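Visitor: The lines below spell out each chain.
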Amino acid sequence: MNRIAAELGPRLARICGPANVISDPMELATYECDGLTAHRCRPALAVLPATAEQVAQVVAACAAAGVPFVARGSGTGLSGGALPDADGVLIVMSRMRAVLEIDPVSRRAVVEPGVTNLAVSKAAEPYGLFYAPDPSSQQVCSVGGNVAENSGGAHCLKNGFTVHHVTGLEIVTPQGELTWLGDGTGAAPGYDLLGAFIGSEGTLGIATKIVVRLTPIPEAVTTLLAAFTTMGAGGTAVSDIIGAGILPAAIEMMDALAIEAAEAAVACRYPEGAAAVLIVELDGPAGEVELETAAVRAICEQAGAYEIRAAQDAAERAAIWTGRKSAFAAVGRISPAYIVQDGVVPRTALGDVLSAIADLSARSGIRVANVFHAGDGNLHPLVLFDDADPAAGPAAEKVSGAILDLCIEHGGSITGEHGVGVDKARYLPRMFSPDDLDTMQLVRCAFDPAGLCNPGKIFPTPRLCGEVPGVRRAPHPLVASGQLEQF
Amino acid sequence: MTPAAPPAKLTTACPEVRPATPADAVAGVAPRYVAAPATEAQASALLAAAAGLGLAVLPRGGGTRLAWGAAPARCDLMVDTWQLNAVLEHSAGDQVVRAQAGVPLTALARVLAEAGQRLAVDPADSGGTVGGLLATGVAGPLRLRYGTPRDLLIGVTMIRADGAVARAGGKVVKNVAGYDTGKLLAGSYGTLGLITEATFRVHPAPAAASYVSLDYASPEAAAAALLGAARSTLVPAAAELDWPGRGAPISVAVLFEGDPAGVAQRAARLRDLLAELAGAQARATGVSPEAGERLRTGAAPPPWWGRGAAAAPDGTVLRIAFWAGRLADVLRAIRDAAVQAGLDPAVSGSGAAGVLHAAVPPDAAPAAVAEFVTGLRAALPAGRSSAVVLHAPAQVAAAVDLWGAVPSAGLMQSVKDQFDPEHRMAPGRFAGGI
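Line by line, the protein sequences are chains A and B.
Quick note: the working numbering has the first sequence finishing at residue 618, numbered continuously throughout.
Quick note: the working numbering has the second sequence finishing at residue 438, numbered continuously throughout.
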């Protein structure tokens, strides 16, 4: 048994019950990575608390022992945010999955962090409400994870991201104290610590209760699939739709390679010979949706769409989305391995960037399938390679990194929704200056001066946090743990 | 007494520095110097110089909300942003605008309108600047659909207290790279640094607007109407109320924006919904819930629309936030606390969004206002509400806890200590004694 397990194991077992503390290396293997499977690391210990108080006590124990800790939701993250620390504790939140309260008149719900994203919408459905952020992994991903990454999803162009739909958080601070950020109103006085915490990738504390905003389920939805013979034509359609003042609920685009993969995987039967397909979803009051659907059809035809399908019912709508939703996994059919990239460019630069990616692909001989949220310029290039060839992985990484450089060059971002995590920390300095990163880390120092909360994520160079005089919110950890008396 | 000449350190950093005049005082606290940097580099050098001299700094935009918050504990250098007044980039196709902090909101609106777009925030007074909007975090009726400035902010540049230039976010709507320091700056009253630039997500300006208004006799009836509208599938852009005094009816108005035909349709459907609600209440209580003027629809807002914090510019204005479902209870709590204190405030605001303003005239006795505020805070749901005094006459401000309790005050103090260890950025103005 390793040192950490020996030191902390019994203490954590007293807090969470021995069945909920895992030290066996074979069992720990389950937790050695999240959705970014290229990075694996077993924690020294894993613990599964059931209540916020248990989480607080676990964190306090880690803090007292100077042991780093990482929180894990459903383990579906794509940036290694839940990658454990080899000398640390992994705090798995999946037992905390209760929907605690639904207040339909206030349009709020209070949920535990382990609740899946889709489960929130399911719980709200009887009230005619839903939870708007809808990552593709919503059947599995946890709301706590969504909070950490500020997750978006296909419908975030219109509906916003997690930060727009969470109005209060109970958190455990890295010192092991329970406290509230915000109060559920969305208008709490003081600093917007809530807004800073959301998207901080688990580095500022652990959320234990989440107050979400619920949205009325739209009265009408139409989903259109339009096929184009060139990517450029598809891009033109997107620009024209936005330019017409229409704000679709979603605009997704896939290129020929992505379509080929999806077809092989789920037989989605997208129009044959399409160089690009556009999926446009419009929702809202029935009258508006009807008007906008007609307008979008006309725009797509104008831009050269050779086939346009409109879903007539929920089944057809699901069928159109199946291809898009399966795309990531589907490329596994046409390639032994692949890198899922996540970058953003201004929508007006999409055409140029896609051409540049095609050039990159042609020059390197590495295939890239493109799936993206065309409405907000969030690209998900899928860089395909054969991992049987030892040189192929690094070559694919190079192409993947070059795509991120393209995004930065065009005024975009290195990550639209997956997060920086472990994978992109080295790219952050290409987007931000040392002073920019230093200032961000002031926030980290405010929450976690000891640097124990999900360390090594986001920032390539951790900032040393000086002890700030006069700021003691709680007894010194050694006093709190009973190891010292203070007179 | 002749004003002291600004120290050379300041004038070297920023040519436009002058001694302050009595007109520059904020809540009776007079600065010594006023500086107006013309560029980001000057702003950076200026704050670095101020740090070297140990000066307390107070940013000023349009000066429209300087009276908000507590009086500054110290103020040596007022930093004006009027020279940082360029709209740097407006990409209509990307629905993004990047503007310097000193850009007046009216100027920004004009630039956006030329491309058929708008910044979806409608605070009561539009005499402010981009920086001021962000620093005070004010919003108006559109908050129901679009949120507050922090919800529309996608990038920010600030000057730290030590003069360092720091950016966060970017120019694209979808961006999760790094921490979102912009969110922290929103509503921070200048206590974390000087905002020099902000990038916002903009929306298409709506082609048409329709306001459906009706008056009600009771808080319960008004709340049912507003919350029913907000929860419907009609997607109102705003749902507001106005209750000028205890004896008056409560006016309710709901705004629809969008395509002209669509908007007319939704307004008609809301009328049906409101009639249905009123009918149900009449049957339940035996009395019609309506009062005052009958239901009407129009393209123009009612005269009281969006008055918010501007309702009593020289008086006391509270901003009350709560979970929207408690609207009727909160309205009653406000009236009860007011009656106890012998006051009759005008109440208005975004009832369906859980934010209201209560305005008390300037001649109200400070002790009465204090009693009202304390009584109201005690009656509001604990942990799920707040009542902040946005501004008040000097004697009232001295008698009242302006901010009230804030969640995680200790963490806020830690953030402040990291960003401004010497406590020179607008000291004493903010919540939690910051």
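Since the hints were derived computationally from the structure, they do not count as laboratory data.
This structure is a prediction, so every number in the text was calculated from the model and none was measured.
Virtual Cβ for every residue (Gly too), placed ideally from N, Cα, C.
Heads up, a few of these hints could be off.
Stated by the list, open to error - Reference listing, derived: stretches of chain B covered by chain A, where coverage requires no fewer than 3 residues with Cβ under 8 Å from a Cβ of chain A: (1) 67-77; (2) 146-158; (3) 161-174; (4) 258-272; (5) 314-326.
Visitor: Are three or more residues of the stretch 258-272 of chain B within 8 Å, CB to CB, of chain A?
Guide: holds (count 6)
Visitor: Holds or violated: the stretch 67-77 of chain B covered by chain A, criterion of 3 or more residues with Cβ-Cβ distance under 8 Å?
Guide: violated (count 0)
Visitor: In terms of beta carbon proximity below 8 Å, does the stretch 314-326 of chain B have 3 or more residues touching chain A?
Guide: Coverage by chain A holds for the stretch 314-326 of chain B (3 residues, Cβ < 8 Å).
Visitor: For the stretch 146-158 of chain B, do at least 3 residues have a Cβ located nearer than 8 Å to some Cβ of chain A?
Guide: Three-residue rule met by the stretch 146-158 of chain B, so holds; n is 4.
Visitor: Verify the coverage statement for the stretch 161-174 of chain B against chain A, using a C-beta to C-beta distance below 8 Å and requiring 3 or more qualifying residues.
Guide: holds (count 8)
Of the numbered hints given earlier, the model fails hint 1 alone.
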